[in-house]
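Asks: Here is what each chain is made of, one letter per residue.
There are 2 protein chains.
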Amino acid sequence: MAITVVGSVAYDTIETPAGRRERCLGGAATYFSLSASFFTDVRVIAVVGEDFGKRQEAVFQARNIDTRGIEHTAGKSFFWEGSYLENINEAKTHNTELNVFAAFEPKIPEAYSDSEFLFLANIDPVLQRRVREAMPDVKLVAGDTMNYWIKDHRPALLEVLKGLDILLINDTETKMLAGNNNLVQAARAVMALGPKTLVVKHGEYGSTLFHGAKIFRAPALPLEEVIDPTGAGDSFAGGFFGYLAAQRELTPAAYRSAMFYGGVMGSFACERFGTERMQKLTRAEIDARFKLFRELTHLD
Amino acid sequence: MAITVVGSVAYDTIETPAGRRERCLGGAATYFSLSASFFTDVRVIAVVGEDFGKRQEAVFQARNIDTRGIEHTAGKSFFWEGSYLENINEAKTHNTELNVFAAFEPKIPEAYSDSEFLFLANIDPVLQRRVREAMPDVKLVAGDTMNYWIKDHRPALLEVLKGLDILLINDTETKMLAGNNNLVQAARAVMALGPKTLVVKHGEYGSTLFHGAKIFRAPALPLEEVIDPTGAGDSFAGGFFGYLAAQRELTPAAYRSAMFYGGVMGSFACERFGTERMQKLTRAEIDARFKLFRELTHLD
Numbered sequence: 001m002a003i004t005v006v007g008s009v010a011y012d013t014i015e016t017p018a019g020r021r022e023r024c025l026g027g028a029a030t031y032f033s034l035s036a037s038f039f040t041d042v043r044v045i046a047v048v049g050e051d052f053g054k055r056q057e058a059v060f061q062a063r064n065i066d067t068r069g070i071e072h073t074a075g076k077s078f079f080w081e082g083s084y085l086e087n088i089n090e091a092k093t094h095n096t097e098l099n100v101f102a103a104f105e106p107k108i109p110e111a112y113s114d115s116e117f118l119f120l121a122n123i124d125p126v127l128q129r130r131v132r133e134a135m136p137d138v139k140l141v142a143g144d145t146m147n148y149w150i151k152d153h154r155p156a157l158l159e160v161l162k163g164l165d166i167l168l169i170n171d172t173e174t175k176m177l178a179g180n181n182n183l184v185q186a187a188r189a190v191m192a193l194g195p196k197t198l199v200v201k202h203g204e205y206g207s208t209l210f211h212g213a214k215i216f217r218a219p220a221l222p223l224e225e226v227i228d229p230t231g232a233g234d235s236f237a238g239g240f241f242g243y244l245a246a247q248r249e250l251t252p253a254a255y256r257s258a259m260f261y262g263g264v265m266g267s268f269a270c271e272r273f274g275t276e277r278m279q280k281l282t283r284a285e286i287d288a289r290f291k292l293f294r295e296l297t298h299l300d
Numbered sequence: 301m302a303i304t305v306v307g308s309v310a311y312d313t314i315e316t317p318a319g320r321r322e323r324c325l326g327g328a329a330t331y332f333s334l335s336a337s338f339f340t341d342v343r344v345i346a347v348v349g350e351d352f353g354k355r356q357e358a359v360f361q362a363r364n365i366d367t368r369g370i371e372h373t374a375g376k377s378f379f380w381e382g383s384y385l386e387n388i389n390e391a392k393t394h395n396t397e398l399n400v401f402a403a404f405e406p407k408i409p410e411a412y413s414d415s416e417f418l419f420l421a422n423i424d425p426v427l428q429r430r431v432r433e434a435m436p437d438v439k440l441v442a443g444d445t446m447n448y449w450i451k452d453h454r455p456a457l458l459e460v461l462k463g464l465d466i467l468l469i470n471d472t473e474t475k476m477l478a479g480n481n482n483l484v485q486a487a488r489a490v491m492a493l494g495p496k497t498l499v500v501k502h503g504e505y506g507s508t509l510f511h512g513a514k515i516f517r518a519p520a521l522p523l524e525e526v527i528d529p530t531g532a533g534d535s536f537a538g539g540f541f542g543y544l545a546a547q548r549e550l551t552p553a554a555y556r557s558a559m560f561y562g563g564v565m566g567s568f569a570c571e572r573f574g575t576e577r578m579q580k581l582t583r584a585e586i587d588a589r590f591k592l593f594r595e596l597t598h599l600d
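Residue numbers (our numbering), protein chains in the order written: chain W, 1 to 300; chain Y, 301 to 600.
Some hints here could point you the wrong way.
Pairs of lysine-lysine, DSSO-like flavour, derived with a Cα cap of 30 Å [unchecked claim]: (1) W:K196 <-> Y:K591; (2) W:K139 <-> W:K196; (3) W:K291 <-> Y:K376; (4) Y:K514 <-> W:K175; (5) W:K291 <-> Y:K496; (6) W:K291 <-> Y:K580.
Derived by calculation from the structure, the hints in this document are not laboratory data.
Build the full structure now, drawing on both the sequences and the hints.
Replies: In structure tokens:
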């Protein structure tokens, strides 16, 4: 079933110990939709500037992603510059230019209205809520957020959480949102705010699924070299939610496999700069890595 | 098959958010042997002072642990005082008194000489090496160490590593020992120093086994409350090595299960202060938790 995703389509300048890339295609909605497109149909809602042209469009087209919801306006696209020189697991932001994103008013194309799955990528919770309310009939809604919204836009974020089935955030964000340093207690507190399912990402240590009363742990692939972790979390979300959207029934077993596919897609994202790896990926590679994740964790 | 363990038997004064305990029975060899005793016969080599009496001895007796190698001398036992008030995952040391441990010269009772498994708990690498050399015929040797020995006693530690089959250390220690911040690369570098098998403990995120060319990840149990993490690592080692010592063959599958049993025993250790939980534990509880670890990680 089709997923509609709202979020940023952007340019990133990234520096890691492996090198530097200027203005590569990025943004949460980009990573998410490329990743999810290996599992199901994906439709994007975003805004871009005049610097987003045919070459960028072609990246989405190559994965059959519906871009009719990407609005083109005067000005420049969202731009982020960051580095991972001291700590490969934590970006240091050098520059953020909202540009056309500052006045973003998400518009949902009529053609998207039968989407049964909705993903609210990490953007202003006011916009997340607006999109959520404009698509009241979706079957399952997942979302992401970040420390900035948790700290400084809490009331708006709490409104979003009420409308989420699944929240995907990292350890620090979970503990910050709950005001509790114990992961299990923090998870329960976050789930009391709305989402019945919580996915907590631990970076290189994998992820934990809190699904009702059940807990499940999925690994991350131990990588010999992390070229660029940008977009790993969004790629995780794309694999996780994309897999779920492709299932006939949302059983606990489907959620467990979705966690593995999330880890699989996150691991690929780190192997090249920006979306380079996602663009070249094949379904056979995904299946082989899923098998590897199983061997990495299963007793027999 | 029997394990001989050399290490500290000590008193700990511990403060955590859950409370404070004065002078509880502790020490790496204590935690290790209590934990391993659920799987196989355990024999301890250590030194204690006059403050170690019948009540402490009884803790070992209750688990059928051979204490003939615990030497009693004039003076006070090793004493450690620490707290986990700011960070439950990292001890802040307030006081360390070596006491009788300062002049410790491990003596191996004749009755221990047919031990096929040897565990060198975290003590001065000079002593670890001496015990290793005094027991040349053991089938499998595992050991632990800590940042202090890695930083300030590197040459002695490198000699120990040459004689180890398995090293069990944490993330930070692995990276410090290798001088490399990538876990996989660091693991390879550490294994080149001697141990063909490396177990890296990630605290609440579980552990990773590097066994030859294979990698395996075991979970930690997400705990709603950590009462006292003291001895969790030693209890992990006891479960891991104790399980291996009880196997007829040391297959890759045995190593994978050993990782799970390590996590299981580490999780129990955190549930009460000091060795309280280990003293009351039953094999049925261990089996039930092993099953839980499987559910926590397995797809089906």
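Asks: Would you mind marking each hint as holding or not holding in the structure?
Replies: Verification of the supplied hints:
Restraint check: the Cα-Cα separation between W:K196 and Y:K591 comes to about 25 Å, which is no more than 30 Å; the hinted pair holds. Restraint check for W:K139 and W:K196: the C-alpha separation of about 14 Å stays at or below 30 Å, so the hint holds. Proximity of W:K291 to Y:K376 is assessed by CA-CA distance (about 55 Å); at most 30 Å being required, the pair is judged violated. A threshold of 30 Å between alpha carbons decides the hint, and for Y:K514 with W:K175 the separation of about 34 Å lies outside it, so the pair is violated.
Between the alpha carbons of W:K291 and Y:K496 the distance comes to roughly 25 Å, so the proposed pair stays at or under 30 Å and holds. About 40 Å separates the Cα atoms of W:K291 and Y:K580, which puts this hinted pair outside 30 Å; it is violated.
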